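*Asks:* Chain by chain, the residues run as shown.
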Amino acid sequence: MALFGLFGTRAEAQQAAIEAAALRSDRFRQAREPDWQRLDAIVTAIEKGRLRRLSDEDVLALPVLYRTAASSLSVARETSLDANTLAYLEALVRRAWFQVYGPRLGLWGWLRQFFGGGWSAAVRGIWPELLVALALMVAGTLVGWLLVASDPDWYHALVPFADERMPGASAEVLRGTIYGNSGQDGMSVFAASLFSNNAGVAILCFALGFAFGVPPLLLLVHNTAGLGAMLWLFFGAGLGWDFVGWLAIHGTTELLAILLAGGAGMHVGRSMAFPGSRAVLAAAAEAGQRAAVVMAGVVLMMVVAAILEGFGRQLIDHAAGRYGVGGTMLAFWLAYFFLFRRSATTESAA
Amino acid sequence: MSSATLPPRKDRRRTLVTPEGLALPVTLASRGSRFGAIAVDLVVLILVIVVTTLVLALGAAGLDRVLGGQIDQAKGGAKQALEFLAVLWFAVMFLFRHGYFLYFELGPRGATPGKRALGLRVAARDGGQLRSEMILARNLVRDIELFLPLTMLLGQLDQTEWDPVGWAAAGWFLLFALFPVFNRDRLRAGDLIAGTWVIEAPRASLAAALSTGVSAAQGTSAATGAEYRFGEAELAVYGEYELQTLERVLREDRPEALAAVQEAICRKIGWHPGAGDERAFLEAYYTQLRARLETGMRLGKRKADKHAASS
Chain A
1 MALFGLFGTR AEAQQAAIEA AALRSDRFRQ AREPDWQRLD AIVTAIEKGR LRRLSDEDVL
61 ALPVLYRTAA SSLSVARETS LDANTLAYLE ALVRRAWFQV YGPRLGLWGW LRQFFGGGWS
121 AAVRGIWPEL LVALALMVAG TLVGWLLVAS DPDWYHALVP FADERMPGAS AEVLRGTIYG
181 NSGQDGMSVF AASLFSNNAG VAILCFALGF AFGVPPLLLL VHNTAGLGAM LWLFFGAGLG
241 WDFVGWLAIH GTTELLAILL AGGAGMHVGR SMAFPGSRAV LAAAAEAGQR AAVVMAGVVL
301 MMVVAAILEG FGRQLIDHAA GRYGVGGTML AFWLAYFFLF RRSATTESAA
Chain B
1 MSSATLPPRK DRRRTLVTPE GLALPVTLAS RGSRFGAIAV DLVVLILVIV VTTLVLALGA
61 AGLDRVLGGQ IDQAKGGAKQ ALEFLAVLWF AVMFLFRHGY FLYFELGPRG ATPGKRALGL
121 RVAARDGGQL RSEMILARNL VRDIELFLPL TMLLGQLDQT EWDPVGWAAA GWFLLFALFP
181 VFNRDRLRAG DLIAGTWVIE APRASLAAAL STGVSAAQGT SAATGAEYRF GEAELAVYGE
241 YELQTLERVL REDRPEALAA VQEAICRKIG WHPGAGDERA FLEAYYTQLR ARLETGMRLG
301 KRKADKHAAS S
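If you read the sequences in order, they're chains A and B. Counting from 1, one number per residue, gives the positions in the first sequence under the working numbering. Counting from 1, one number per residue, gives the positions in the second sequence under the working numbering.
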């Protein structure tokens with residue numbers, strides 16, 4: 001009974017204090033102060049990174065206490081003129097709002113969700129743009145081929161790098177660029193391909209997509225035109241099969257990544273140009289979030305492509321093996337993006 | 001406390017509406033503190049990169065000793081070990097640069113160490129859930145805004161004359177760096193695309209109620225026993241603005257300010273101020289004025305300040 005007695009006196013003392021308060025708004029404050037202070041303690045613990053030390057009870061109580069404090073705030077705004085209490089409640093509700101509506105997953109949880117369906121769902125979400133990007137890349141390749149076929153001088157305008165791969169080079173020289181590079185420094189190829197043209201093009205596609213919308217189209221066409229020109233050169237020398245193998249080992253991954261990046265850029269651009277019934281900024285944000293998920297995957301694909309180009313291509317010095325790796329990668333990506341549909345729920349749906 | 005009582009500049013105040021429909025006032029982060037936050041984060045990033053590079057360089061130096069100072073002509077196993085170190089370096093840098101911001105902003109504290117040091121947080125512009133995709137989007141764009149042009153600029157540093165690439169990179173960098181200057185909500189391009197903004201996250205402490213002390217509640221001075229009762233006419237002269245001023249003076253509790261305010265009130269209501277009991281007088285006046293104004297509030301009558309007509 002001692003326990004009850006203790007509780008009794010404490011509750012009585014609080015009751016007495018509430019009754020003693022002259023103002024109704026003070027009685028309101030005194031009755032709710034314990035809740036506010038509990039919420040304050042929980043939020044402070046989370047802010048200091050001590051989430052794990054909180055009891056389950058406290059974690060479960062957080063949303064309830066947040067709503068209690070929020071309703072206290074709206075009542076206090078209508079009934080109390082105590083500026084300090086109002087300022088405290090506003091700050092408390094804001095801090096609790098940060099936690100209740102803050103990021104839920106953490107980096108590891110997000111990664112799990114990203115690989116477990118979030119990425120492929122985002123890729124499927126921009127399929128109209130992907131079709132457009134694919135059409136543009138095919139068209140760009142064709143244009144490059146046809147231009148160089150009509151006038152070989154176009155080659156130097158379309159292909160940015162100057163080495164022995166140029167019109168007029170003998171088949172032997174061209175063959176040498178495809179096979180037997182085992183002595184080449186894999187590291188420099190890895191670094192160059194990761195941090196040079198292709199990764200840059202992919203990121204540019206995305207960046208310029210939200211700024212203007214049209215540049216991704218031009219970038220896609222321009223870059224695949226160079227590819228078309230090189231295809232013409234190697235097919236002309238009778239090395240078409242070998243060149244496609246040389247390209248395919250990393251190219252299936254890399255070109256697919258560029259395709260996704262271009263699609264993501266266009267998706268943002270299209271949403272800003274045709275926002276529908278939403279505000280432009282809201283449309284941009286919605287499209288930007290989906291495109292960002294696609295782009296995070298593109299960055300990873302670029303790393304995979306760089307590894308394949310820098311190391312895989314030197315280890316596998318024959319066309320069949322290169323086709324095998326390239327084809328397997330392509331099948332893997334396509335299956336992952338379009339067949340893998342498990343748990344595509346996002347946080348907003350949860 | 002100080003940040004909660006000092007009103008921020010008007011053009012940084014915004015109101016967001018929580019999913020419960022509650023309007024919450026927030027203060028946008030100033031451009032200066034945004035810059036400070038990214039500076040702190042960059043310093044941390046660079047420190048970690050330098051340390052990792054040093055550790056890997058020590059590994060390479062060890063290899064060099066094994067090879068007898070002929071690291072440039074390394075062959076076979078040694079060459080592979082070197083390549084492995086280099087790939088490791090690239091991979092660590094790459095993951096670290098992207099992971100740093102994501103890890104901290106996706107965590108429960110919702111801010112990088114730099115932002116936390118400056119008291120800032122990322123929040124959703126619409127007042128709703130801050131989703132992982134938003135964090136991802138704003139940090140991917142950071143790569144385009146900051147790291148890409150900076151890498152290009154660093155590549156130009158050793159040249160005496162900049163080529164067009166350098167100028168383009170500088171222009172690009174400036175375009176994005178000045179982006180927050182040219183919009184009302186101080187959004188950088190990443191915030192725009194992600195639907196987020198960066199706001200201040202001040203804390204406030206709950207001070208004791210002023211109106212519950214003995215002299216306040218009963219209007220009786222504990223020191224002198226004098227009783228302060230104010231009539232309707234004596235309370236009607238002031239409004240909410242004066243009440244809050246009075247609250248601030250009472251909380252600051254400076255004797256000369258208390259005396260001055262007491263004198264001003266007495267002059268207004270025609271009392272003769274005594275000396276030495278200012279606090280009890282003011283607490284009593286505060287409580288009774290607040291009681292009157294709050295009663296009015298409940299009946300839908302508010303009086304903003306002394307100039308407003310008491311409706």
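Worth flagging that the hints you see were computed from the coordinates, not collected in a lab. Some hints here could point you the wrong way.
What the hints assert, rightly or not - When the alpha-carbon atoms are kept at most 20 Å apart in a straight line, the in silico SDA-like pairs for lysine to any residue are as follows:
no.	chain 1	residue 1	chain 2	residue 2
1	B	Lys306	B	Arg203
2	B	Lys10	A	Lys48
3	A	Lys48	B	Val40
4	A	Lys48	B	Val237
Stated by the list, open to error - To give a feel for the contact side, a few chain A residues facing chain B, derived at Cβ under 8 Å:
no.	residue
5	Ser25
6	Ile46
7	Ile316
As the list claims (entries may be wrong) - Between beta-carbon pairs, the in silico distance windows are:
no.	chain 1	residue 1	chain 2	residue 2	range
8	A	Ser277	B	Pro19	15 to 23 Å
9	B	Leu175	A	Trp127	26 to 34 Å
10	B	Leu67	A	Asp317	46 to 54 Å
11	A	Gly321	B	Gly32	29 to 37 Å
12	B	Arg14	A	Gly321	36 to 44 Å
13	B	Arg31	A	Lys48	26 to 34 Å
14	B	Ala264	A	Arg278	28 to 36 Å
15	A	Leu60	B	Val17	44 to 52 Å
Keep in mind the model is a prediction, meaning the values are calculated, not measured. A virtual CB, placed ideally from N, CA and C, is assigned to each residue, including glycine.
*Asks:* Hints the structure violates: just list their numbers, smallest first.
*Replies:* The structure breaks hints 1, 2, 4, 7, 10, 11, 12, 14, 15; every other hint is satisfied.
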